[in-house]
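Make one complex out of these two single chains by using the hints.
Here the protein sequences line up with chains A and B, keeping their order. Position 33 of the first sequence, counted from 1, bears residue number 33 in my numbering, the numbering being contiguous throughout. Just add 452 to wherever you are in the second sequence, counting from 1, and you've got my numbering.
You can take every hint at face value.
Beta-carbon label-pair distances, calculated as ranges:
#, chain 1, residue 1, chain 2, residue 2, range
1, B, 521, A, 10, 46 to 52 Å
2, B, 508, A, 443, 36 to 42 Å
3, A, 386, B, 548, 40 to 46 Å
4, B, 500, A, 10, 56 to 62 Å
Chain B stretches covered by chain A per the calculated footprint, using a threshold of three residues with CB under 8 Å from any CB of chain A:
#, stretch
5, 459-470
6, 490-500
7, 511-522
Treat the hints as calculated values from the structure; they're not laboratory data. Here a beta-carbon is modelled for each residue, glycine too, at the ideal position from N, C-alpha and C.
Residues per chain are reported as follows:
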Amino acid sequence: MNAAIDRAGALNGRLNAFTQIFDSPGAPRPGPLSGMPVAIKENICTRRGLSTAGSRILEGYRSPFDATAVARLLDAGAVVIGKTNLDEFGMGSSTEHSPHGPTRNPWDLDRVPGGSSGGSASAVAAGIVPVALGSDTGGSIRQPAALCGLVGLKPTYGRVSRYGLIAYASSLDVIGPISRTVTEAARVLQVIAGPDEHDSTCSKRPVPDLLTSLESPVENLRIGLVRSMLSGANHPAVNQAIEASAARLADAGATIVDVDLLDPDIAIATYYIVAPAEASSNLARFDGVRYGRRAAIPNDASLDDLYRASRTEGFGPEVRRRIMLGTHVLSSGYYDAYYLRALKARRLIRNDFDRAFDTHALHALLMPVTPGPAFRIGEKDKDPLALYLEDVYTVGVSLAGLPAIAMPAGMTEGNKPLPIGVQLVARPFDEPTLLRVARTLERLSPPMNFPA
Amino acid sequence: MDHGALEREQVQRLARLCRLDAPDHELDDLAARLAAVLGYVARLDALNLDGVLEMPHVGDETNVLGEDRPGPQLDRQTLLDLSPQIFDCFVRVPKVLGEGGGA
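Looking at chain B on its own, in the form it has when it is part of the complex (with noise of 0.2 Å):
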């Protein structure tokens, strides 16, 4: 596969995926930047890692499932005064339904 290189589409397409916005005169240099990086990783590509487990944690917690009791909580009013924009007591939101809804 061809390491690093990514075209001006590619990083409008994933600025997308990430909700974030890419400006067209932003893009050759976020692309050489991105690609730098993506070059630079490519070295793992020298390593036999044939059989090896993947490591997605180092812990040695495992999951287990815990008592169902009710504990303190923060009440709704000290959550909703972290929001940017409430109305009564609803966080606020452009429409999500119908036009206009692009999410």
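The shape of chain A in the complex, shown without the other chains (with noise of 0.2 Å):
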């Protein structure tokens, strides 16, 4: 633990993954996780530190309440040594987008580490804790795991509490773990995971033993390979970890099946329509009053000042941008042609998977994660939409509410290799099938040499 935070100390300089790193931890409780050091992504409330999603406008922030999921991980005796750097509210898909500055990616210090869980992922690629806590509202664990060879997990919507999440948008955002390996990945789903009375969105079904089934062997299971989704867009090295990771199941017994789903163009477009919709309501709370940080405002200034003053000044420019593009879908003459749309097009999606796992009788799905590997910094600050169709592979699977992990499958070619992960995905609830499989190809995947 003190190795962890020493760790911390000496290569956040470099990395920039931590807004804060906590001495004198404390001594470990009892139970599955003593000892265990963590991070936590900073719009996951401890009443440790701060807790401000990477916002100015939280400056300051320090709840009075631990989220249940790190409430869950104190009990089980992890602790928690730092906050992670995230882009605003965990608006992006790079971790550049902080008051804190960039994250960086430890394979290649000029690459981001993905988003926004970024500063989760550079931390444990790093090998300064085992696992950190992220957040996934489109994408926001498993891209940023991808493109650090990492595993992320993003569990079934309301498979684990939301208290104490800053919310982003409440019909999508899941709390899951990233981690360097599966078994780590499910030991702390297994505690963070189950019904929460201060969550009405958490699932009352009790939580499976994620553990004990976890070696067992894959032969009879069917996995469903998107092959729509190996396009010539993606980086080659993406689709060779796809056809490699398919022949490793195959390998271990599994059956490999063809499946087409819905262009994933459809699910981004719906994407940016319900999440901005929803942040542009929950963010409304920010108003400079009860919390957080409020503008100076003159003398005679009115209410409203103070609000447009203290949230101008307090959100970035992608959470503004995001916050308008919520309110316009949602305006009259606009809320049946874009928000109502949304809604019914993310029926449809949720219907397709449906269908794929059913016709096919299929246990999981196998897809990219990402187009490509990290990016380098900067590089899609000028175009909004191309940071946007990072999250292409990722946000159909949000809308649906399924669990995914994402897994190191591969590496880029060249003399600075980069790594390549792949996507499995299975039905809601079914985290024990999605762990099992995972495992089987963990097994059969070559090792991640990861930067000393």
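Written out as structure tokens, the structure is:
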């Protein structure tokens, strides 16, 4: 644990993965994770330190309570060694959009770690902590995990309580672990999952044992390979990683079936209506009055002036744009054309996944996480859509609420190779099967040689 | 409907609705960026969505009435301490009534 804190201190100047490192963490409690050092994304509330969601509008905010996921980790004996950087409120795929500056990818310091849970991914890839908590709204656990050569588990919507997660899009947000191994991800999910009276959207289903079935064979399992996503627009290493993973699972005895899903552009279009709409509503609570940062205003200014000044100073440009976009699609005259249409498209997307699973009697789907490896810091800053398209293979799963896991599955070629991930997706609440397939793939894939 | 294109006045009106300031020199860039996204999402127009039910959330949880019982809660001082400006045991805000009460 002290080793983790020392390593965080030694490496953070280069990586900027942590926004805060806690010293003197205290004695761990006994429990299944006793003594495990963990890092927590800064949009997840902890009583210790700051919980700003990477936004100036929450500057100095200290949560008076622990998020349920954090409280359960602490009860299980884990020790929180710090909070990690993110794109403001989780809105981004690069961890460049934070008042703390960009986080760097340990595989290549000129490149992004992905996002929005980029600080958590960078910390795990650098060997500082074995596990960090992230949150995933449209890919924010899976994409950084893929770009850093890690396992990133997005549980089924409602499997983990959102209590204490600073809301971005409430119908999509999920907390989950980023780790180096499937087993560690399973151990952490086992602890943080399950009903919570503080979150009425958290499922009341009991959590099955995720660990004993982990090593079971996958002989009788049927895996759908989403061939339509092996597009020429992907980096060739992405398509190779998918083919290689399919071959490994077939070697292990699984049956691989080609399946098609709706064009992923539909999911992106739906997501960039639904998520900003929910964000515009969730972020209305930040007013400069009750918590966070309050703008300095003249004595004769009105309450409305205070709201506008505090929000304009407090939110970064991308957050302001998403609030405006969300407000637009919800406003009178546009609501039916945008928001209602998107909610219907969301149903089509979920039905499409259900159809694929049912028609082919599948246990899991195999598909890309991202179209390519980690990109350079600043590379996708100019074109707003370029960054949105980074989520092309992850947002559909989020809209459908399904559990998914990003797994390291290969490397790019060249003198500075970068990790490539693949994504496995399962039926709702079937994390046991998802993790079992992931563990099999992990066993058969070449190990990641993490940078020292 | 004309997807995408936004007039400067529309952007200003939107900003007001969002309780945000949109200074003049940012309006064109904002309008262009919003239009790019709105142009992209317009591809949903090509979908046949007749008879498809909206899906605002995916959860299978339903609303239930909880038992009305007191539980642990944060005390007043803890909550007041979160506020950037307090006066005695009140959160301080600008005048909301009469002149200057723009809210």
